[in-house]
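Asker: Given chain A's structure and the hints, the job is docking chain B onto it.
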Amino acid sequence: MAPETSSAVTLNINGEKYTLSVDHRTTLLDALRERLDLTGAKKGCDQGQCGACTVLLDGRRAVSCLQLAVAAEGREITTIEGLAEGDRLHPVQQAFLDLDGYQCGYCTPGQICSAVAVIEEHAAGWPSAVTDDVRPEAGPAPLSAEEIRERMSGNLCRCGAYVAIVEAVGQAAATAADRIGTEEVTAV
Amino acid sequence: MREFGYQKAADVSGAVALLDADPEARFLGGGTNLVDLMKTGVERPARLVDVRELPLDRIEVTEDGGLRIGATVTNSDLAIHPEVRRRYPALAQAVLAGASGQLRNMATVGGNLLQRTRCGYFSDVTKACNKRVPGSGCPAIEGEHHNHAILGASQHCVATHPSDMGVALTAFDAVVSYETADGPGELPLADFYLPVGDTPHRETALPAGALITGVTLPSAPVAAHSRYRKVRERASYAFAIGSIAAAIDVQDGVVQDVRLAFGAVASRPWRARVAEQALTGAPADAVSFAAAADAELAAARPLPHNAYKVRLMHNLVVAVLTEMVQEVAR
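Chains as they are written, first to last, in the numbering used here: chain A, 31 to 218; chain B, 72 to 401.
Bear in mind the hints are in silico, worked out from the structure with no lab data behind them. Even glycine gets a Cβ: it sits at the ideal position worked out from N, Cα and C. Errors might be hidden in some of the hints.
Ranges of calculated distance between the beta carbons of each label pair, as one might list FRET restraints [to be verified]:
(1) 155/A to 135/B: 48 to 56 Å
(2) 190/A to 303/B: 17 to 25 Å
(3) 170/A to 131/B: 22 to 30 Å
(4) 119/A to 124/B: 32 to 40 Å
(5) 366/B to 32/A: 52 to 60 Å
(6) 157/B to 115/A: 51 to 59 Å
(7) 394/B to 88/A: 51 to 59 Å
(8) 88/A to 361/B: 27 to 35 Å
(9) 38/A to 92/B: 34 to 42 Å
(10) 119/A to 372/B: 54 to 62 Å
(11) 361/B to 170/A: 48 to 56 Å
(12) 150/A to 115/B: 33 to 41 Å
Excised from the complex, chain A in its bound form (with noise of 0.2 Å):
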């Protein structure tokens, strides 16, 4: 018997809820833009290599163009949208907004969320690609130029805007780490 080809979803979406019949074809970023308006998140490559549909899922970044809708039942997804509260912008954002993070714009809320992660990522102890030594023993790498652009290379900026996004996610990381006290960054 041929399966059901589409389903009715519930999807919790910067903290509301959304439920929509969706064809099982339709991935996340079609969803969230094509039927809910939530045009954030942007479509460039559309095959996971260019980072411009980047969301939150669970907290951690992910590209919303090879995640399915019907599989995000259940998760806690946050988008662009949901980063500011109110009129105060996400730290992140104010960060690409103060230091010019950005030329067209297109690549770039796709750039804030993957930054708001990053930051978070570096916060928990993840090692990355750069670190010198992954060892637990060896501790956490400081947040260095080379580590962040290492950390973002998921998402590219035609423009090439990309000194400033550095700068932008420095600056934004530094102030998170002022914030919690806790963590060493170094200057960018």
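Answerer: Chain B only, in chain A's frame:
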């Protein structure tokens, strides 16, 4: 994309039963490769059985000091685990060298082993490809093959396996556990991928409908001093053009134990057993390392545009082992 049914598996036996009942069904893990291939029409499943939420997401130290890694552990969770970083640092480095932060959060260990080649002809349904359409031919041999295989390929297919994780797992003798409708089974990773021969479309020795449930690494004290180095065409977020997982134990200037595996050179992660044998008991110096690399690479059959990989892999062996030995000496 073809329309498909979707079900979340409630447990391992339920997942296996669903696949057993529908030969056109596929397991869905993180989806980072499968969903991409469905968009291009390379994969056309009639049904997806979502196994991502199965309780196979743990990493445990085994009694002998090895690790048991669940199939739905994400790449990120594998790479950040303290026991992985402590006991098998090359495995953590390999995982971190692959894909992007976003993809590593989605991708799973089971899916990593089953990901498909990134050969451009395989990904393009308008082109011939013996892996995708058996008997249709291999345009890569006469065409674009600068990042194709130099070891273990055949006249029917020269595609490489793209995994970084699998290279480190191969170096450390990983064993794959799976479940089928007839019960559980195990396959050493060394026997997991089939020789290319004239059947490049048959990639693994997994029984039909089998669900990978986990990967076990036996205890390997030598792995505590291990390294993964990846060479690619840009600094980050690209597939390897050559990579190496290496572990070495040297005493009094003599190699006691060594593990070597190569990535991006064959249809599977390539365990360099010839080089390992040449090195065991040999002086731990660049002359031995070069001779061992040459012994392994004597079997290389490069094509016109990927011959550089023979020298690249030779240099990687010498450079990485030399560096590791010097570090211990300091």
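Asker: If a hint holds in the structure, say so; if it does not, say that too.
Answerer: Hints and how they fare:
The given range of 48 to 56 Å is broken by residue 155/A and residue 135/B, whose C-beta atoms sit roughly 27 Å from each other. At roughly 20 Å, the beta-carbon separation of residue 190/A and residue 303/B lies within the given 17 to 25 Å, and the hint holds. The hint said 22 to 30 Å for the Cβ distance between residue 170/A and residue 131/B, and at roughly 24 Å that hint holds. Hint check: residue 119/A to residue 124/B, Cβ distance near 34 Å, so the stated range 32 to 40 Å holds.
Look at residue 366/B against residue 32/A: about 56 Å separates their beta carbons, and that is inside 52 to 60 Å. Distance hint for residue 157/B and residue 115/A: a CB-CB separation of about 39 Å, inconsistent with the stated range 51 to 59 Å. Between residue 394/B and residue 88/A the Cβ separation comes to about 39 Å, which falls outside the hinted range of 51 to 59 Å. Our hint of 27 to 35 Å for residue 88/A and residue 361/B is violated, since their Cβ atoms are close to 49 Å apart.
Against the hinted window of 34 to 42 Å, the Cβ-Cβ separation of residue 38/A and residue 92/B comes to about 24 Å, which falls outside the hint. Taken as a hint, the range 54 to 62 Å holds for the pair residue 119/A and residue 372/B, whose Cβ atoms sit roughly 58 Å apart. Separation of residue 361/B from residue 170/A is about 37 Å and departs from the stated range, judged on CB atoms against 48 to 56 Å. At roughly 38 Å, the beta carbons of residue 150/A and residue 115/B sit within the given window of 33 to 41 Å.
In terms of the numbered hints stated before, the structure departs from hints 1, 6, 7, 8, 9 and 11, listed from lowest to highest.
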